[in-house]
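**Student:** Read off the chains here:
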Amino acid sequence: MIPGGLAEIWVYLAREPLAALTATLLVWWMALRLQQALRQHPLANPVLIAVALLAGGLLAAGIDYRAYFAGAQFVHFLLGPATVALAVPLYREWQLVRRSAAAAVLSVTFGGLFAAAIGVALALMMGAAPDVTASLAPRSVTTPVAMGIAERIGGLPSLTAAVVICSGVVGAALGPATLNLVRVMDWRARGLAMGTAAHGIGTARALTVNPTAGAFSGLAMGLNALTTALLLPLLWRLLG
Amino acid sequence: MLNALTLLVLCQFVGEILARGIGLPVPGPVIGMLLLLVGLIARERFGRGGPGNELKATATGLLGNLGLLFIPAGVGVILYLPLLARDWAPISLAIVLGTLASIAVTGRLAQSLLRHLGQ
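Chains as they are written, first to last, in my numbering: chain B, 3 to 242; chain X, 2 to 120.
It cannot be assumed that every hint is accurate.
Stated by the list, open to error - To give a feel for the contact side, a few chain B residues facing chain X, derived at Cβ under 10 Å:
1. Ala-9
2. Ala-39
3. Arg-41
4. Tyr-67
5. Val-184
6. Val-211
7. Gly-216
8. Leu-237
Read the hints as simulated data drawn from the structure, not as lab findings.
Ideal Cβ placement from N, Cα and C applies to all residues, glycine included.
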């Protein structure tokens, strides 16, 4: 290869979105292979593995996150259409969803408020600052809604975004084992729990395990976004 | 695949407009999901069957790799490492213990409510 050619290639890769896109897809593929190799161990969650590998790689190479995101945003963009696509499994389970509607609404509403309350209680117990406590309250809600809630109750939206994603990964990795431990075997209930406490990342996990759990998890994610957005700022003002 | 993707993006688009226009506290894609669900149920009522094969295949493809779509945002956690490190004890406790307790409580509650209210 001609000297100077390498530098030219480097300039091309640094400027175009191709490198970040390729890295994201390759790391995802590796994470899925690793999950299989570890025989689906709960901690071998592919989202956790892929995020850890890429985050470590960016930090080690000194690459700015914004430069990475400029390429990876094409993957990120598909989150919207994928969320809309959750209507398809929901439709498939529609008869079951309709019959379980009252139980689903009640458990998601209560579960979502419990998630906020225990986050706040643990933070207060550990002596967290008020803005950190407020950032932890909407932890279980899908990211854009959680950031909006945090802003309204005096939290830090950017901290909330990070906390929401970490909670989703923890829920996806350890949620199924927790549900086994407390003997929740009904796939509908398992899905509702995952979607309420671990939003879309939990739903991603639920979909790979069982179609009924996946549908109920998607439903719970949407419902929890609505109920927590309506109730949490109200309760915060009443109690705060 | 293209027709199905167009339908999904269209539902999201209308969802975003509704969310912003009426000021609904729900993200546009979630409203788009409801719109598509209503559309599919209506289609069935009019005897046209449920989702077409193309929509089914596209939805399966997207949702089968839903985890992948969270990675770019997930890597963004590196931007907040100093913030996370400052109050790491309450934050990690709330994330781990808080999330797992919420899953346990919601799951137990849902299971017993489904038993008593459901079927």
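**Student:** It remains to establish, for every hint, whether it holds in the given structure.
**Tutor:** Evaluated hints:
Look at Ala-9 (chain B): its Cβ only gets to about 27 Å from chain X, farther than 10 Å, so that hint breaks. Annotation: Ala-39 (chain B) was flagged as interfacial toward chain X, and the flag is violated, the nearest CB pair being 17 Å apart, outside 10 Å. A hinted interface residue such as Arg-41 (chain B) counts as satisfied when its beta carbon comes closer than 10 Å to some beta carbon of chain X; here the least separation is about 18 Å, so the hint is violated. Evaluation of the Tyr-67 (chain B) hint against chain X yields a held restraint, the C-beta minimum of about 5 Å falling below 10 Å.
With a least beta-carbon distance of about 5 Å to chain X, the hint placing Val-184 (chain B) at the interface is held under the 10 Å criterion. At its closest, the beta carbon of Val-211 (chain B) sits 12 Å from a beta carbon of chain X; the interface hint therefore is violated under the 10 Å criterion. The criterion of a C-beta within 10 Å of any C-beta in chain X is met by Gly-216 (chain B), whose closest approach is roughly 7 Å, and the hint holds. The criterion of a C-beta within 10 Å of any C-beta in chain X is not met by Leu-237 (chain B), whose closest approach is roughly 14 Å, and the hint is violated.
Going down the numbered hints, you'll see the structure goes against 1, 2, 3, 6 and 8, while the others check out.
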